[in-house]
Each structure stands twice: as C-alpha cells, then as structure tokens.
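Student: Fit chain U to the given chain R structure using the hints.
There are 2 protein chains.
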Amino acid sequence: MQRSIATVSLSGTLPEKLEAIAAAGFDGVEIFENDLLYYAGSPREIRQMCADLGIAITLFQPFRDFEGCRRDRLARNLDRAERKFDLMQELGTDLVLVCSNVAADSLGDTQILVDDLRLLGERAGARGLRIGYEALAWGRHVNTYQQVWDIVRQADHSAVGVLLDSFHTLSLKGDPAAIADIPGDKIFFVQMADAPILAMDVLEWSRHFRCFPGQGEFDLAGFLAPIIRSGYTGPLSLEIFNDGFRAAPPRANAADGLRSLLYLEEKTRNLLERQTAEGTIAPVPPASLDMLFAPPAASRYDGVEFVEFAVDGEQGTKLAGWLERLGFARAGQHRSKDVSLMRQGDINIVLNAEPYSFAHSFFEAHGPSLCATALRVKDSHSAFERAREFKGQPYRGLVGPNEREIPSVRAPDGSLIYLVGQAENGLYDTDFVLNPNATPSGNLQRIDHMAMALPADSLDSWVLFYKALLDFEADDEVVLPDPYGLVKSRALRSRCSSVRLPLNISENRNTAISHALSSYRGSGVHHIAFACDDLFAEINRAKDAGVPLLDIPLNYYDDLAARFDFDDEFLSELAYYNVLYDRDAQGGELFHVYTEPFEGRFFFELLQRKNGYVGYGAANVAVRLAAMAKVRSGSARQARL
Amino acid sequence: MQRSIATVSLSGTLPEKLEAIAAAGFDGVEIFENDLLYYAGSPREIRQMCADLGIAITLFQPFRDFEGCRRDRLARNLDRAERKFDLMQELGTDLVLVCSNVAADSLGDTQILVDDLRLLGERAGARGLRIGYEALAWGRHVNTYQQVWDIVRQADHSAVGVLLDSFHTLSLKGDPAAIADIPGDKIFFVQMADAPILAMDVLEWSRHFRCFPGQGEFDLAGFLAPIIRSGYTGPLSLEIFNDGFRAAPPRANAADGLRSLLYLEEKTRNLLERQTAEGTIAPVPPASLDMLFAPPAASRYDGVEFVEFAVDGEQGTKLAGWLERLGFARAGQHRSKDVSLMRQGDINIVLNAEPYSFAHSFFEAHGPSLCATALRVKDSHSAFERAREFKGQPYRGLVGPNEREIPSVRAPDGSLIYLVGQAENGLYDTDFVLNPNATPSGNLQRIDHMAMALPADSLDSWVLFYKALLDFEADDEVVLPDPYGLVKSRALRSRCSSVRLPLNISENRNTAISHALSSYRGSGVHHIAFACDDLFAEINRAKDAGVPLLDIPLNYYDDLAARFDFDDEFLSELAYYNVLYDRDAQGGELFHVYTEPFEGRFFFELLQRKNGYVGYGAANVAVRLAAMAKVRSGSARQARL
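Protein chains in written order, with the working numbering: chain R, 517 to 1157; chain U, 517 to 1157.
Just chain R, same shape as in the assembly (with noise of 0.2 Å):
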C-alpha cells in the first residue's frame, strides 16, 4: 500500500517533518494546514521539496465546517473553498479532507448536507480536484462513516468520496463492518490511529491521546479488513494528535510510524487469512491481500537463554560476589576474552569485562549495566529475519576463533537481543571453557522477569519495538506512587509469557525510576527478578550469605494481618524476612523479596508464584518504592558524610 503520515503527528517545522518523512520510508504525506501557514516558503516550495524527497503529497487538510452552514454564509464559504483549492493547485495535490460541521448553528437536514456537497464537488470537479468527506466524531449533525456514505451516494459526484478515519469510528465504539460494503473507489483516504481506552471528552481524547497502530488499544486490524475487502487501494495514513509526539524528535518518530503501519498491515492480513479460512468472509482477492506487508511469521519464544552484564574488572568482581552470595556458581571463563559466565538452575548470567568490545564502549556509555539479552526462540533465523523487515538494526560485533555468530538485533535502548534456535546445542561449549565442579549455592530456578526503567517519552516506541519485531503482546499500564511522584508500569510479554519485561517510566524527577535513568545516562536495567520453588530457602541462604535484603517496614506485616487470615508467626516470619504478599482474585499468590540496589542502580527480586499469579505485585510496588527512597537517602547521607 501507499504508507503517508499526515504532518501533524511530528513535531518540528515542515522541512524537518518533511524530511523525518522522507527518511522513514513514507511514500507521502498529508499536509495539515497549518504547519503550511506558520512556514515562510510558498506552496510551490513544499511541493517541490517533497518531489526532491521522493513523497508524494497526498491530502491536504482539513476544510471545516463547510455543509449544512448557515444558508447566508455558504456563497462565502465557497469563496473559502475557491482559495484552498487555489492552494491545493500549488501544492500539486488533488485531494481535500472535508470534515463534518462541527457548528451549533450548522444545519442537519440531508438533502441539504447531500446538496452543498455535491456543490462543493462540482466546484472542485470543474478544476480536477476531489473532495473526502469525513464524519468527525463530535461532527453536529454527521458522526458516523455510515451517514457519510449515505450523502455521499446521494451526491452522486465523481468528486466525492468518503473518508475513513479509524479514530472517529472505534472511539464511539462503531462497527466498521459495513465498510466492507462500500464500493473500494468511493473511498478516497483513510486515516488511521489507535489510542488507549480513556473515558473522557471524545474531542480532548482525540486530539491529545491518539497513538501509532499498535501503542493503543483499539481493533485496527479490525477496521483495516474491511478497507480492504471494500476494493480500496489508496493510501493508508497516520493522522495522530498526541501532546508526546509533538515534542518527539521527528525522525524516531516517523521511523516509528512506518513501523506501527507495518504491523497493522501484518495483523490485517493474518485476520483476513484467518476468516476467509473460517469462511465467515467471501474470499479476498490474491491482489487485495498482496498489498499487505508480509514479514515472516512470528516465532515462539521460550524464555530468557542469558542475560550479559557489561562490567569493568572492579565492578566484575563485585557482581560476580553479589551473584555468588545469591547461590550462583562460577560456571565458566570465556576461551579468549575476559568474560566469565555464573550459572544457577536455568539461568545463565554472563559478565563482561572484554576490552574493545560492544559490551565495553556500553559500559563506557552507561556503566555497569545489562548489555545484551539472549532470548530462545522456536526458529532464529525467521525471527531475525522478522525483526529485519520491520526495520531492526542487525549488529554483527567481532567474532573469535572458538565462537559463535548468534543473530541479534539492537533494542530501543541500545542493548542487543540475542536470537538463540532450539538447534543451538552446546551453547556455552564453544564459547567458554566450563568449570565441571562448578555447582551453585542456591535453587533459583529461572528469570521471570526483567524491569527495565526507560525515559518517559520512550514507552510508545518500546511497545511497538517488541509487538511488531517480536511479536509480543503489552499488559495495560498501571500507575504507581514512589514517594517523590509516580511511576508508570507497562508490561510486555511474549506469547505464553515465557519473556516478560515490565516497562517503568516516571514523568517526576525525584523517583526511584529517574534516579535509575540518570545513573545509566539513558534507559537500563531496573531489576531481574529469580523464580524458586522455596522462597523461605532461598532467602535464609541469602541471607546467610550477607545479601542486603531491602528492608520493609512492620507497618506493612500489620496491614496483611488486617487484610488477610494469616496466623501471627507466619506474619512474623514475613516480617523476619521482608517477604512481600499479593493475593489476586482467583487465589494466585506472590511471594517476592527485594535485594538493595547494585551500584546504586539495578537489583535483585526473589519470587515464587503460587496458583497460577500473573502478576508483578503492583500492590507491593509502592512500599517498595518507599523502602528504596529511604536506602537512596540513607546512601546520599553516607555521601555527604
């Protein structure tokens, strides 16, 4: 399909947008009216700079309250139209977005809104320009695609056509099905955006909340098919309204646009596929489906193979205690390179000091820090292959004699995501001469999950990193209170959870989170949490061994006496042992327990799930975060002293 962006989802002026359009890979654009007014060039510049660029202009918009005006206004209004149409000409653009009166004193009658239109389009005939009429949601009289078509068709005009915007149906709850109905060349553009479900003002929520196919929450695929199925075969364009996104330096952020098109376009295929093989849809022709974006099909991820640390020799030495005090075992050194490998259970962690490596110039970057992440996946090369075509940064770092070339893609925050096949056997073989006596302390048994703490702008473009090159799906957010501001908590997961990685911003500059961000000048690691089958076990070795456990107050072990039945020594040993309690709806339980942070900037969480909890223990969350504002003060203080 033709992929174009209007240009008010970027922010910058219109050579910047313009270019951040260009570079993404967009084949057009839609000029929104206003970034034409504020810029100083002629409408012959823009066009010709956009020629140079290699897009096309393919909207200009919006016209306003033009149908159903009041009768002594309309010869002046389409004067207005006249001078527009003036514009568009310079521009080099056919097509104007009309969207429906929005005016207390407009006009509802049909026949009326049917007449002007077909007025208007006579007019813009006459000078071989198109009208797309839109139902804006808070439109007086006009609200829906449905009522949109049916003046439409009544204006009976070659001129006239319909406009689609996915915000203004799914926001009111429509349904799109009918879409299908319409014939493919009376539909002119259409304009897609997701949001989150908010119940507020549908016009504030638009024009503040609107989000890139995928970051949101609403069925686009959904509304796209029916496109599809109509016959349609213009452009599908991002017109996204978002406060975010008009600070967003305009490059990633049209990169991310691409992105998001991508895969709705990926997921409207699957869905068409999936009901034309289910017959509930007359089948779609081979050249209406091959429009789609077709990257190969996600693989299944099984869980995190290693994480990878990127250390100095110190700092190595340091975590490598750490660790080992959390019952790993010393596992194995690297054949050529200062890189050694603890292992407990099903867990492999990795620490690299290697000069002149990635992992060193990132922890020049960032310090001490999680560098690369490998994930085990079902077939590694579809999944790189995968990640490439959605516009994934390979990396290719130096390979020694004894090792191995895993595929890996580059994450948002710079780290590497490591691809690890079922095929690759003895992994840690070839690589690392491995310690046969080597046997850990403790009985964690895996990572179930990896907190990353990432600047608030950032979350959007995460989402989309993992949902489209990944394949992943996205928990909704959660908001929580650390005790100098809040704190945001999405979580990702692969399908069947396998991989999770909760993802935590904070918009205030004093929380546990910004803290994490400045240590690591940028995003990084905010915690690994360890499953086991026997926390109590777990932690007493631990403890035993010195771990610094954070500290939760007693407070907290009188509130779980009065929430739920626990026997008095049972929440005393809670209390003895900083263990955290959540219990959901269905009688799942979390158990977890903190370590204080490494460096001052990422730690270690014990956990153990009963009866199928799936959370993270957002109910702990905040105490936890009080419990880390009083180790970051009590450390500022030794600071000073």
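The hints are simulated quantities; they were obtained by calculation from the structure and are not laboratory data.
In this text, a Cβ means the ideal position worked out from N, Cα and C, and glycines have one as well.
Do not take every clue at face value.
Selected chain U positions facing chain R (in silico; Cβ < 10 Å) [what the hints assert, rightly or not]:
hint, residue
1, Asp602
2, Glu638
3, Lys1146
Tutor: Positioned in the frame of chain R, the structure of chain U alone reads:
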C-alpha cells in the same frame, strides 16, 4: 478554624510531609494509611513526631468497602476494623474516615447499611473512637451526602457522623444547600478540594486532577457556606490527589495549601455576609463567622505604574536603545544611582544597573530581566497588609536619602511587586532628575499585558498567589502549539482588567517558553504588550527606527484572505507590516505585531484593540511561536558560524 491537610496531598516520606505541614502553619494532619504503612517508624513514633511539631492528628483514613459488604465477610471486616482501631489508638487519633462501599457485590439495602454503620459505631464508641462516613462520588450504592446523612441519622449513634468532601459533591454537580440542615455536631469532618472542570471519568478526575481551593473551578465558598451555617466547628482539611503535588517540593506546596484555605475562608465569609445582607439566609452567628479568616479587603488595581528591568551597563545601554527605537524618551536619571527612566504615554520603564542593589543580585541570578512591577492601587497600605496576611513576603530594600519607600512583596519568581497608592504624587520627582525636554517619538499609550514564562509545575502556585494576595481573577487555560511541543497559557487579571498577566508554561524542552526559562535559569517575563490607538503609525515609525519585527509567513495572510472579507490592498498592508489579526464572536478586533526577542529572551508586542476585544490573540499564538522558532534556529546557526 482548625486547618488541616492530608498527608497524601504532599510528596516525600512521612517525616518530610509532617515537617512541611507544621512549617506551613497547619494545626492538624490527616494520616493517609499508605503513608504510615510505608514508613519504618511505629505509630507511636508518628504520634510523638506530630506532638513535637505541634500538629494534631485530625483523622485516620481511609477504611474502605465496609458497609453493605457480603454477609459472609462482615465478621472479617469487623476484625479488620478492630485492627485499625488499635492503630488509631497508637496514633492518638479518635476519628476514622469510612468511605462508601465501591464493591460490585456490595448490598444497597438502606437498612443493612444503617445496621452496619451502627455496628461499626458501637465497636468504635466502645473504644472512645468515632466514624466519619463519606459518600464517594463513585460509591456503588451511596454517592451523595444526602444519602450519607440519611444513613447516619438512622444509625443514630453518637460515634457515627457525616464526613463531607467538596469534590464528591461538586464533581457530580450536587447542590450543597441542604448541608445547612444537618446538625453541625453530626458533621464530624470536612475535606476541601478544588478541581478544574474536566469531562472525564470521575474516579480518574479525583485521583489525578484535584487541586487546592482557588486553583480550580469549583464554587468552594458555596460549599463551605452551608457547612458554617450548620454550626460545624471542626477542622477544615485539604485532601488533594494531584500528580504534580506528588512530585512537588513539600514545603512550598504545603504553604500554598494553607494560603488556599485562608483564601477560601475569606470568600466564604464574604458570601455569608452578602447572603445575610440580602436576606437569603438567616443571620449567621458572629462566633461562626469569626472562625473564618478576615484579611483587609482587596483594593482596586488601576494598571501598571512602572516596570523595572535588572540590567548591567552594557545591557542597559542596549535595552535603552531598543526602547528609544520603540518611541520611548529618556525621561530621567536617578539622583544617586545608576538607574534611568524611559517614558512614553502612560508607560514608565526603569532600567536599573546599580551595583549592590536588589536589581543587581537579580541580574546576577537571571541576566537581563524584569525585576519589579509597580501596580497602581487605591489603598497601598491595606493592599500591603492583605498581602502580608496571606503570607506574602514583604521586601524592604536600601533606601537612599531622596528615595521613597514603596510597600512591596515578592512575586513567586522572586521579583518585586510594588504597591503604589493613589496618594503617591510626584513619584518620580523624588528619586529622579527628570528631563523636562524629553519627548517620546512614539504614541504607545499603556502596558496592555505582561506575559510571563514559568516552570510547568508552578502554574497553580502563581494562580493562587495572585488570587489570594491581590484578589486577581484567572481565565481558563488555553493550549497552544509550538513547533516543538505544547504551550499552556492561563491569564490572570485584576478586577476590571487594568492589569493582565498571561502565564505561560510548557512541559516540553524545546518550546519558546522552555527556551525563555533556561535563559532566565528560572521564570521570567516573556513579553510586554504596549497598547496604542493607531498601530500602523506606530509600526511605521518603529520600522523606520530599525526595530526588528518578527517576520510572519505570507501563507498566514492567504489564510486570512480565505477567512475574512478583507480587500487585497489591506491584506498587503497587514503582510507588509507583519501584523497579525483576530476577530472575536462579538466583532471585537485585535491588530498586533511582535518584535524579535531582546538578547534571545523577552520581546515586545504592539497592539491595538477595537470594539472591545478582550483576549490576547490566542488564534495567532501558533504562528508567532513558529516564527520565534525560526528566529531561534537562525540565531543558533549564526552562533555556530
């Protein structure tokens, strides 16, 4: 009245909150349960801390989902209550907030609710404790104070009373009038919160957007008045859930909270006196009225007498040159200091380059900037006393032999607000040697408005400052697009609008407002608008004098042509002079033009209002912000060359 605030209204750890609350001058504090749970000290330690700080614990809150709970949970819920009663006795507070049940499976039968409340009251009463029952706006069955009073009345137990919260009534557009009919001693507690009017889910609105009285749009005096009439004599307490407050410095925020209560009390007292005088209510006993704060009444403001810029020798010379080109005369020189006076029409501008002065330290901190504003006021003495009683910070600087002393207070940005009384004749004669031959070359008449740039999180604080101390009014917030993010603007006005201060904020790093803030290292003046009666004559003169006017794109004028019935000649003239135009619904017209910024920070606006135009040209702010961004990037380019 006893003035109180809930810990949830402030950021920080519990001790930080309590210290801030005491320092602000509150009499009491509501302990929000989570603040206690997350604190490592025992309830007894908190009790001692409050005693040491001289604040009473007025309330423990909340106790949720009790009345009408599923019958199989009642015994367990009573146990839970007894545990919380233990805690309250440790804390030394006798009152707990019980908010109406929100559980989907809770029972709504009034008799059950009455019985449950009475049962809880008996348990509480047996321990000398009391229950304040509150209707949450989103309660499952109970969401009005009328229902609460009905249930409390029927429960008929001395330990069970009504708890009122302004948000829960006013968010649902409830009428508070009937509160006056509740016996005052059956109202156990009153919580006050303001909020902007938002069309959104009431729970989300309540949890994130409450603000201090005077910062939002609720009629809080109208809510408090019937409470006073009921004979209530208990605490007046702030319970503010606000995302910004959760991250704001607690001491400054608590001070705002106390100021907001004083402001509310004054408004309520005025309302009650007016209602009594009008005979719409029965006379309120003097003892009730006298509980309410009564500062000196506000004085009438009558425009800006002068503004003062902090400069050094070099910047002073440069700014004087700018002002001269804008038509100002060099009207005088200070008798003893390096301070000069520029004058035109009714506008006086003081340029202060005196070393060892307030202006000098302001210049050192902020660079060339507005360091003082003198407002003309009917009675400067009572205006000053009012500001002081509202905890304004008086300022008294060095006074030389021939100088006047003018009462002044610090504005929120640390600059001074001088209060110049009507009686002050010959204000400038005393301090300045005036030049009798100085004749302005321009005809600018007066300062129309002064726009300020301030950090995003301080807007509410500024609004409250001007409302309380100076009795200003605040317009609704408008949101405006800068090419690099959003700008929000809220205008403050003296009654009769002789002084107008639009306040501008931006949460994005790269907007015009954020650039101004970083140049000031804090807040500062963004622009000063001068009004005149013949704008084209003034611009003509200014252009000839070499004033750099902000260049407006021609595309803007093409759009004006489409929107308004101007002839081409007039449009060409507007374009030639870079004049922006706006027309309001009543036919009021604004013509205005901007200079480029002085030293990349503040700039000047020349404007002419016609037919009673009252706004600030919001329709043109986006084009102005885009033009300013272009100037910035031009300057940045030049700086790089």
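Student: Look at each hint and say if it fits the structure.
Tutor: So, going through the hints one by one against the coordinates:
Checking Asp602 (chain U) against chain R: minimum C-beta separation of about 8 Å stays under 10 Å; hint holds. Below 10 Å, beta-carbon pairs count as interface contacts, and Glu638 (chain U) has none with chain R, the closest being about 19 Å; its hint is therefore violated. For Lys1146 (chain U), the interface hint holds, the least distance from its beta-carbon to any beta-carbon of chain R being 7 Å, beneath 10 Å.
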